[in-house]
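Chains A and B supply the protein sequences, listed in that same order.
Count the first sequence with the working numbering and you get residues 220 to 700, in order.
Count the second sequence with the working numbering and you get residues 15 to 484, in order.
No lab work stands behind these hints, which were simulated from the structure alone.
Computed from a predicted model, the values in this text were never measured in an experiment.
Beta carbons are placed, not taken as given, at the ideal position from N, Cα and C, and that holds for glycine.
It is possible that part of the hints are untrue.
Stretch by stretch, here's where chain A covers chain B in the computed footprint (C-beta under 8 angstroms, at least three residues) [what the hints assert, rightly or not]:
# : region
1 : 117-127
2 : 277-291
3 : 440-453
In silico DSS-like links for lysine-lysine, alpha-carbon gap of 30 angstroms or less [stated by the list, open to error]:
#  : chain 1 : residue 1 : chain 2 : residue 2
4  : A       : K575      : B       : K346
5  : B       : K406      : A       : K505
6  : A       : K270      : B       : K121
7  : A       : K695      : A       : K626
8  : B       : K406      : B       : K346
9  : A       : K505      : A       : K568
10 : B       : K168      : A       : K568
11 : B       : K168      : A       : K480
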Amino acid sequence: MKENRTVIRLELIQLFRNKAFLGLILILLVLMTLATWNTDQYFQVKRAEVKTQLQLVEENDKRLAAEIDSLNGGLASYETSYTLPSSGVRLTYNNHRVTWLPFSSFSLIAIGQGDLYSNYKKIVLYFNSSYERDSEELVSPLEQLFGQLDLAFVWVYLLPLIILLTSFNVLSLERETGRLTLIASQPIRIWHWVLLKISIRFLTILVLIISFLFLLLLVFEVDVLGNLLVFVQLLVTLFMYTAFWFFLSFLINLAGFSSGKSLIILTSTWVIFVFLLPSVVNQLAKELNTIPSRLEIINHHQAMYNEMESSQDVEMERLYQRHPDWRSDDPVTSDLSNSTGWNIDYLAKQYIAQIKHRSVADNYENQVESRNAWVEVFRVTSPAMIIQSALTDMAGTSGRYYRSFLKQSQEYAHGYRHYVFKGLFTNHSFTANEIRQLPVFTFDYQRVPGTFKQDFLIMLAYLMVLLILCFVLSKKSQKIN
Amino acid sequence: MIGHVAQHELRRQFRDGRIRTLLIVVTLMLIASLVLSLRDYQLASNQYQKNLSQARKNWESQSTKDPHDAAHDGTYVIKPLYPLAMIDKGIKQFSGQVVHLGAHERKQSTLNEAKDHSGLFRFGELTPSFILTYVIPLLLIFLGYNAFTEEKEKQTIRLLLVQGALLSQLALGKWLALFLQMIGLWCLLFVAAAISSYSVGSEISADVSQWMALGGIYLFYFIIFINLIIWISAKASSSGMSLTVLLTLWIIITLIIPKASTNLAGWSYPFPTLQTFRDNINEDQTNGLNGHNFWNEAAQDFQQKVLDEYGVESIEDLPVAYGGLLLAEGEKYESEIYTKHFDLLQSQYEKQRSIYRWCGLLSPMLPVRFLSMAIARTDYGFLWHFEDEAEKYRVEFNTALNMNIAENAKGVNRYEAGRELWASIPEFDYKWQPPQEILRDHTLEFASVLLWAILSFLLTVFFTRNIQIV
Numbered sequence: 220m221k222e223n224r225t226v227i228r229l230e231l232i233q234l235f236r237n238k239a240f241l242g243l244i245l246i247l248l249v250l251m252t253l254a255t256w257n258t259d260q261y262f263q264v265k266r267a268e269v270k271t272q273l274q275l276v277e278e279n280d281k282r283l284a285a286e287i288d289s290l291n292g293g294l295a296s297y298e299t300s301y302t303l304p305s306s307g308v309r310l311t312y313n314n315h316r317v318t319w320l321p322f323s324s325f326s327l328i329a330i331g332q333g334d335l336y337s338n339y340k341k342i343v344l345y346f347n348s349s350y351e352r353d354s355e356e357l358v359s360p361l362e363q364l365f366g367q368l369d370l371a372f373v374w375v376y377l378l379p380l381i382i383l384l385t386s387f388n389v390l391s392l393e394r395e396t397g398r399l400t401l402i403a404s405q406p407i408r409i410w411h412w413v414l415l416k417i418s419i420r421f422l423t424i425l426v427l428i429i430s431f432l433f434l435l436l437l438v439f440e441v442d443v444l445g446n447l448l449v450f451v452q453l454l455v456t457l458f459m460y461t462a463f464w465f466f467l468s469f470l471i472n473l474a475g476f477s478s479g480k481s482l483i484i485l486t487s488t489w490v491i492f493v494f495l496l497p498s499v500v501n502q503l504a505k506e507l508n509t510i511p512s513r514l515e516i517i518n519h520h521q522a523m524y525n526e527m528e529s530s531q532d533v534e535m536e537r538l539y540q541r542h543p544d545w546r547s548d549d550p551v552t553s554d555l556s557n558s559t560g561w562n563i564d565y566l567a568k569q570y571i572a573q574i575k576h577r578s579v580a581d582n583y584e585n586q587v588e589s590r591n592a593w594v595e596v597f598r599v600t601s602p603a604m605i606i607q608s609a610l611t612d613m614a615g616t617s618g619r620y621y622r623s624f625l626k627q628s629q630e631y632a633h634g635y636r637h638y639v640f641k642g643l644f645t646n647h648s649f650t651a652n653e654i655r656q657l658p659v660f661t662f663d664y665q666r667v668p669g670t671f672k673q674d675f676l677i678m679l680a681y682l683m684v685l686l687i688l689c690f691v692l693s694k695k696s697q698k699i700n
Numbered sequence: 015m016i017g018h019v020a021q022h023e024l025r026r027q028f029r030d031g032r033i034r035t036l037l038i039v040v041t042l043m044l045i046a047s048l049v050l051s052l053r054d055y056q057l058a059s060n061q062y063q064k065n066l067s068q069a070r071k072n073w074e075s076q077s078t079k080d081p082h083d084a085a086h087d088g089t090y091v092i093k094p095l096y097p098l099a100m101i102d103k104g105i106k107q108f109s110g111q112v113v114h115l116g117a118h119e120r121k122q123s124t125l126n127e128a129k130d131h132s133g134l135f136r137f138g139e140l141t142p143s144f145i146l147t148y149v150i151p152l153l154l155i156f157l158g159y160n161a162f163t164e165e166k167e168k169q170t171i172r173l174l175l176v177q178g179a180l181l182s183q184l185a186l187g188k189w190l191a192l193f194l195q196m197i198g199l200w201c202l203l204f205v206a207a208a209i210s211s212y213s214v215g216s217e218i219s220a221d222v223s224q225w226m227a228l229g230g231i232y233l234f235y236f237i238i239f240i241n242l243i244i245w246i247s248a249k250a251s252s253s254g255m256s257l258t259v260l261l262t263l264w265i266i267i268t269l270i271i272p273k274a275s276t277n278l279a280g281w282s283y284p285f286p287t288l289q290t291f292r293d294n295i296n297e298d299q300t301n302g303l304n305g306h307n308f309w310n311e312a313a314q315d316f317q318q319k320v321l322d323e324y325g326v327e328s329i330e331d332l333p334v335a336y337g338g339l340l341l342a343e344g345e346k347y348e349s350e351i352y353t354k355h356f357d358l359l360q361s362q363y364e365k366q367r368s369i370y371r372w373c374g375l376l377s378p379m380l381p382v383r384f385l386s387m388a389i390a391r392t393d394y395g396f397l398w399h400f401e402d403e404a405e406k407y408r409v410e411f412n413t414a415l416n417m418n419i420a421e422n423a424k425g426v427n428r429y430e431a432g433r434e435l436w437a438s439i440p441e442f443d444y445k446w447q448p449p450q451e452i453l454r455d456h457t458l459e460f461a462s463v464l465l466w467a468i469l470s471f472l473l474t475v476f477f478t479r480n481i482q483i484v
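This is chain B alone, in the form it adopts within the complex:
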């Protein structure tokens, strides 16, 4: 019976010209968004490789200079792009593309792409995630809003019930019809995206399981919408009412709650202003080591520690250049301060995330989007991970340069190093966070999506049993 109902429902919908048009339009949009995203990804991958090697070339081709001056000039590390970012660009446009690694200071990512666009850019781009998050749920609403109401309006539901069909069977049949239409679009997008991403030939690749995980998240998202559509259509007194309620729900789920939760998170756990953030760091650094101050108490303590280690009485007796040791130690100390303050910022974000999680109980779009961005490595978690790794590298990079001073500048008036030293500094080798770790960090989001899917399915199956059929 369920199969028959589904077959009938599919036939009914394909006979309708506007449904065919809508399906064709959405399919074309999906294909266009995929082609554009693939092009973007290809371009970004090429630019990444090209600019990464140019940054390294710039570093290695510096002229002869004091290694600490070279540390001040610094170098750049560039955020790589994961193939799944083709589907969901996440915060990529808003989070900067590069981190400058210099002496004494940890910097945030800079070059926020969004700033290079007009304000109208905020309306969004034609990307697969835009289609998946907003357009396909809307299409499902258009396809299914009258699944039950039309039967009621034409009184055909009575005939079906007289013939022995159960309301739950009808509901499941109509559910299946919507699911089959959705799965067609879903397959088209994810299979095409996965295959084309391998054809790009980028050095970074995502395995099939990650494509499946990303696809699976959106599958759950659509199932939630299908459940709600069938349930509301069964409950509504007319097609117009059903469509009105579903559209209102769509607005709340996709537009209002994500925005409202952002505001709520921001007001509940605000980030400090940049000035306050820097003031706090400066305050912590005031009495500590900074590599250039030989006279404060911390520097005196360190000096004594070095003298004790080497068993000598004065700096002049040291076999190494004390200035280099102080710079290296100062760098470590300053980095610890930065790490402390950036960790505080991260913990503030984690608190904000708890608000998003609670709001996820009101809108499945939130947990779905958080999971999607995390799997695509375009979320805040990726940004933190990349910046933390870059900071570890910055300390190693500075330590290598400062220790070179310690080892070679003893007794030299103006010590300078050359290209050999610059080339000997290892390149930054970013290791992606393992998928298991990412999924573990998003267990609650996944649980939220699952809860939505199960509860809404139960609504569909159990609460359509006792609907008014007239």
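Isolated chain A (complex conformation):
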């Protein structure tokens, strides 16, 4: 026990006198600060975008309801249904809806797929894109190519390197400088001594990261206490990832290689886990789950539109059989010289083409989902992938979140269209109350099941394997000369 305490005390003194170690830790903390600041700024812009969109919808709806009140009170008159506030045409063209993905309290830890997707989607009934699982944004593709600096990047990519650079030569340095003989003469086993030294580095780095993270979260006003479970999950994730790289380093130290060789092996392992395996998994996913080009899907939609136009009367009849409650005897609805009739005809054509196209589009999306599910399964091949996936999930910015959001938005768009078209096709006069109570979108979190338990178990398995290997090598290390 006394020897242990001495080793710990000396190692701590040595560590905090080591300029290289302090320099690397400083770089890590500076990068964490920059990453958090960058992510905070990034999401502030995104939050402002969503707020603007929601305000626009609210203002438009209020204006429309007020105009309907004026119309009913005989205070205003309108010439066409384009401007008539109670008309379905006006509602369709001027009052769009917005669906939005709420921001997680811990969005600060990972921008994830947030630079690819918007956190809101405009539902404009006369735009085909409103019914597709896509959202528009104005982002430089270069930003998307190089990616954003966020905490997930610092932890997944850089933290392991810093761990490796600060621990690769714990044993080899002693041997190369001739001090190992002295250590061997002490009443302590070599593997035990290496373990102590590595553990001190592990705990020092972990405590520093966690304390600094806590500080950053406080500075950037993240409600840690209100989201204690997520915070604990984050700490466990960080602990396991850091432990994985330290175990690996311990293992290579025990193998007794030279400093250079140890660092090459460790860096190669880092390249394999952080670059190679993920890229191979992505490549295999593409090869084994081939999906037709999206261009074919677009062309199919266009072809369906042409087909529908060539037999419009039959298709219209089918539409009314599908939606008997949309059928109306009001002559206005079939008079193409009138804006209501013209728009019913136009919107019905778009809708019919979509119905004819839907099975192909859905099939495509299902294929995308199964390919992505395949990749998610094979994330187990690399701790870096597991942690990246876990962090983006905690931040609510993973592809799973955005794709689920788009799917839910698509379902909402279909439901909302059904509601408005029923009124439009029957020339119903919308009331101010109906406008105030238009269907509202709510994101359903239940549809994105958490993966923390799986991630935890997989990381635990990794750690167990490394632990067994360390145990085997520790026996061998007793014979180190």
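Chain A is fixed; fit chain B onto it per the hints.
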């Protein structure tokens, strides 16, 4: 002497089992990435041809309708893929594949491939550019980190100096050994890629000079790394220290600075939000022509201009359908507004590019990657060029349809045209930006790479003369 040193260095490295393993692994990775990229390119080329002709077929097989309705339905133009994209996919995955050309509105490219992938796709793909940018520099570091330190640790450097070797000769010899190993991999990749691209039989081909330009850029990139490796190995006190410093440098050059420069560029010159961008366009369009508004001041002015041109008093007296003329003129006006705003966006990007250029002085990867993407036609410049050309075509396409209304709809209650008109609209024929123009636009990036190569070489040659040999 330099040759002898290089020969010795090569022998030393090939005797080392881990170096042989690393070389074999990287070579296999390079071959795998090349085969996969070739397959991808082949597939993409076939899909491009197939979908392009299907889009045209869809356009031509439309039923009889008002030509302006047809303009609203519009058509698609698809971004072609240049053979050099096999090496560097650049922003291809993030920039959309098609542009919808319709009436009244210029649209951005859509169908961003990256959105169809899981978030783990961001770790990257096994492509030649990934190997060239990240893996080969790392391999060079592993091959050369102990070029000098090992001689120092084993004290053999003293023997060499006693025998009359100069430190600069040693440095050049070791430099040459690394260069020869690198050039083997380099040749393998570029010669194989160039030959296989011709075997694909795509209608688009890149001449040898462009393959050489792309290869040359990466050659400079590797030379910069070799220079830094030799210099740091000469300066470092131990192999461990040398490797640590080189790895830190590699992280900074390939990972941290590219990301940091992206953030810096984004914060210094942000793009407007889509809402602001559209609001600005709408504001400019409010009082202008839009083809459907006959009553605003701009429409009244245009009407008067048309009446004066034809020397008549009223629209009814015109020999053509006024509605068609107004639609055609409105389209031109709207396109000018879009061009103005897209040009503003481009100028914002140019400002961002200046940040990347400055950051290129800290990381040679940035200018190398910008040059590589530009030559492979997978950069932002290509995207802008394609979208600008598509916009010019959109205006011609709409003008042809609207003028058809002007010429034929006079006195007709509901004018409709048929397949003859759709087929008469010429197809979009994209002309690639000439390589000279691209290189001219990237002179500063090239200068930056050259500067890095020269300065780092000077470091290697001159600063290894006075290193501590013990």
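Could you work out which of the previously given hints the structure breaks and list their numbers from low to high? 3, 4, 5, 7, 9 and 10
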